[in-house]
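Student: Using the sequences and the hints, build the whole thing.
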Amino acid sequence: MIRFALSKGRLAAESAELLARCGVDTSVLQEDTRKLVLESADKKFGFFLVKPSDVPTYVEAGVADLGIVGKDTLLEEDKDLYEMLDLKLGECRLCLAGYPSRRDTLTNPHLRVATKYERTARRVFLERGEDIEIIPLHGSIELAPVTGLADVIFDVVQTGSTLKANGLVVLEEVFTGITARLVVNKVSLKTKSGEILPLIQRLKEVLA
Amino acid sequence: MTTRKLPAGVQDILPRECRALTNMRETLSRLFFGCGFAPVSSAALEYYDTYSQISNAVAQEKLFKMTDTDGKLLVLRPDVTLAISRIAATKLEDAHARLCYFSEKWDMESAGANKNREIFQAGVECLGEEGAFSDAQTIALAAQSLEAIGLKNFVLDVGHVGYFKGVLEELGLDEEGAERLRGFINAKDSYNAERLLRSAGASGDAVNTVLALPTLFGGSEVLARAKALTRNEEARAAIQHLERVYALLQEMGCAECVCFDLGTVKRLSYYSGIVFTGLVQEVGAAVLSGGRYDNLADDFGKHIPAVGFALGVKRALIALERQGGLAPIPPLDAVIVCEGGAEGAGYRLFQKFVEEGLRVRLASRTGEEGVQAERGCAQKLYYVTKEGVQER
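Residue numbers (this note's numbering), protein chains in the order written: chain A, 1 to 208; chain B, 1 to 392.
It should be emphasised that the hints constitute simulated quantities derived from the structure, not laboratory data. In this text, all values refer to a predicted model and were calculated from it rather than measured experimentally. Hints are supplied without guarantee of correctness; some may be wrong.
Partner residues aside, some chain A positions facing chain B, computed with beta carbon under 7 Å [what the hints assert, rightly or not]: (1) Ala61; (2) Glu83; (3) Met84; (4) Asp86; (5) Cys92; (6) Asn185; (7) Val187.
Derived lysine-lysine pairs resembling BS3-like cross-links, with alpha carbons at most 27 Å apart [claimed, not checked]: (8) B:Lys115 <-> A:Lys116; (9) A:Lys192 <-> B:Lys115; (10) B:Lys352 <-> B:Lys386; (11) B:Lys152 <-> A:Lys44; (12) A:Lys192 <-> B:Lys266; (13) A:Lys204 <-> A:Lys44; (14) A:Lys192 <-> B:Lys227; (15) B:Lys115 <-> A:Lys51; (16) B:Lys266 <-> B:Lys165; (17) A:Lys192 <-> B:Lys152; (18) B:Lys152 <-> A:Lys43; (19) B:Lys386 <-> A:Lys192; (20) A:Lys43 <-> A:Lys192; (21) A:Lys204 <-> B:Lys227.
Backbone N, C-alpha and C define an ideal beta-carbon position, used for all residues, glycine too.
Tutor: Below you can see the structure in the form of C-alpha cells.
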C-alpha cells in the first residue's frame, strides 16, 4: 500500500482531484468522515490528512511514502526528502510586506519581522547579515504591522487582497514560484519503486 | 524534577531492548571476527581541534563540547570512521588493516524522526585497500551483516561520488552554485536544478546529464544509461568502476539485493568513490551506510585508501521489531531455592548448571518462603535440602 500524507484544507481537495486524474481511487477523500486514516476501496492507497507543516515530518519518518505540500512548508521544515515534482497547485510568493511609507525599515538594523515561517526568515536575514527580531505568529500575520507589533511581515502572498485591505504592500518578493510539491520518502522510493515510479510517471503526463 | 529526566535525543535502554542489542552485537562480532576483522575502540573524548582543523571538519554545531581542566576544548567522538582513520594513521605500524567496532557517536544537532543524538553503530573499515574487489567485498559483508541480524527484504543502494563530481566539472559553476545544485540533485528536484542551470547560463551535454541525475536510479541498467549520458572521464571512470564491482558481486553471488542511485550526493562527505546505503521498507531512513574514503587519513599524516560501512544498530532494531523478528528475553531455565542451612549445596548445584550453559538463578530467599516467591519464574524449580535435590 502507498501511503499519502496530504495537507488538510484546500490543497487536499486539489491534490485529490489531481490524483484522481492519475487513476488513483480517491473517492474515500470525498466522504464526510472524522476518520484520520483513510483507505481506498482497492486497498492500494492510504491517506492521512494532516496539518500542512506536519506533512514533511510524516514523509521523512517514512510513515507516509508520499506527501503533497507547499514549497513554503518545505523551506520552513527543511527535512531530508525527495522533492520530485512541481504540481503547480496553489501558486504564491513568500514576501516581505509592510506599510509603503516604511519601506526604509528594511535597512533598520533591528527590524521586527512577524511570521509563521520563523526558520526561513531567520535563514534569509542571516544570509544577508542583517540583525532582526523574529516575532513568531500562527495566523492573521497582517495584524502585526497594523497594531505596531512588528515593522514588517514575512508571509505567503497569493492575490495580495488581504494586504491591500489593510493598507500594506509587498516590499520584496523573497521566494517566487511557491507551489505544491510531491515529496517522497528516501527509502520508500527504492523499496516501493514498482508502485511509486509509475504513479510519478502518470502525474508527469497529467501535468504536461 | 530534572534529576529524573534525560536530555533530548538520548535514551536509557531497558532490559528487553538491551538484550536484543547485545544479541545483535554478538552476532555481528562473530561475523566480523570470523571475516578477519580485528576489533578496535577509540576514546570517547577527544580534542575539539582534532575535528575542527581537518579538511573534512565536523560542523561546530554537531559537536558536543566540554572544557578540560587546562581550558582546552574537548568533544565527544562525533564520527567513528574519522577516529579510526586517526588511529590507523598515527598508531598502527601497518596501515593495512581490517578493523571492526561497536561504538557510539554523538551528534548534537540531530533530532527528530529516526534520529538520536547518541548513535550506536557497528561497523568495519578496510584500511590500506584499493580497487573494485575490496569495494565488492565490503558491500557483500554489508549485505551479510543485515542478513545475519535477521533483516529481510533489504536493499543496498549503490552510487559513486565521482559521477556527479565529473559532470559538475563540465558545468563550470561557482562554489555557491555548485552547492545549491548538489542540494537540488540530492533531493531529486530536477525542476529547481533546471532553473538554476538556466539562470547560470550553463549549456551543453553536461546540463542534460545533470538533469537526468534524479532519474538515474534503479537496477544495473542505470549504469549503461549513465555512461551513455556523459563523455567526462571522471564520470565514465566512476561508472566503469561500478560495473566492475557489480560484476564481481554477481560472481560472488551477492548482487541480488544491489540497486543503483547516481543522484545521491550528500553535503560535506568524506567519501571519495563508491558509496552505499542499506534500506528497509520498515524504517524511513538508511539502516546502514558506507563507502570509500581514500583521502580521509591524509589530515592525520598518512595516505591510507580505505572503504567501510557502519550499521545503525538502533534503526536496525526498529526494523527488526517491525518485521516481527525481535525475540523476547528467554525465560530462566531453572531457579534454585535452598532449604535453610543448605546454601552451600545450593550454590554448588547453581555453579554446575551455569557451567552446563543453562540460564539459572539462585534465589536469595530460602525455605518455603523462597519456593512461594520463585514459583513460575523459571521452567523448573529445584529445592535443595541437606538430604538432596527435589524438583518442585
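Student: Could you run down the list of hints and mark each one as holding or not?
Tutor: Hint check:
Contact between alanine 61 of chain A and chain B, as hinted, is supported at the beta carbon level, the nearest pair being about 3 Å apart and thus within 7 Å. Nearest Cβ of chain B to the Cβ of glutamate 83 of chain A: about 4 Å, under the 7 Å cut. The hint holds. Taking 7 Å as the C-beta contact cut-off toward chain B, the hint placing methionine 84 of chain A at the interface holds, the least distance being around 5 Å. Checking aspartate 86 of chain A against chain B: minimum C-beta separation of about 5 Å stays under 7 Å; hint holds.
Hint status for cysteine 92 of chain A relative to chain B: violated, with the closest Cβ pair at about 16 Å, above 7 Å. Below 7 Å, beta-carbon pairs count as interface contacts, and asparagine 185 of chain A has one with chain B at about 5 Å; its hint therefore holds. Checking valine 187 of chain A against chain B: minimum C-beta separation of about 5 Å stays under 7 Å; hint holds. Taking the CA atoms of lysine 115 of chain B and lysine 116 of chain A, the gap is about 25 Å. The hint holds against a cut of 27 Å.
About 22 Å separates the Cα atoms of lysine 192 of chain A and lysine 115 of chain B, which keeps this hinted pair within 27 Å; it holds. With a C-alpha separation of about 17 Å, the suggested pair lysine 352 of chain B and lysine 386 of chain B falls inside the 27 Å cut-off, and the hint holds. At most 27 Å may separate the alpha-carbon atoms for a hinted pair to count; lysine 152 of chain B and lysine 44 of chain A meet this at roughly 22 Å. Among the hinted pairs, lysine 192 of chain A with lysine 266 of chain B is consistent with the structure: their alpha-carbon atoms are about 22 Å apart, no more than 27 Å.
At most 27 Å may separate the alpha-carbon atoms for a hinted pair to count; lysine 204 of chain A and lysine 44 of chain A meet this at roughly 20 Å. Using a Cα cut-off of 27 Å, the hinted pair lysine 192 of chain A and lysine 227 of chain B holds, with the two alpha carbons roughly 25 Å apart. Proximity of lysine 115 of chain B to lysine 51 of chain A is assessed by CA-CA distance (about 22 Å); at most 27 Å being required, the pair is judged to hold. Under the criterion of a C-alpha separation no larger than 27 Å, the hint pairing lysine 266 of chain B with lysine 165 of chain B is consistent with the structure, at around 12 Å.
Proximity of lysine 192 of chain A to lysine 152 of chain B is assessed by CA-CA distance (about 15 Å); at most 27 Å being required, the pair is judged to hold. About 23 Å separates the Cα atoms of lysine 152 of chain B and lysine 43 of chain A, which keeps this hinted pair within 27 Å; it holds. The suggested pairing of lysine 386 of chain B with lysine 192 of chain A is violated, with an alpha-carbon distance near 66 Å, which exceeds 27 Å. A threshold of 27 Å between alpha carbons decides the hint, and for lysine 43 of chain A with lysine 192 of chain A the separation of about 15 Å falls inside it, so the pair holds.
Between lysine 204 of chain A and lysine 227 of chain B the CA atoms are separated by roughly 25 Å; this keeps the pair inside 27 Å, and the hint holds.
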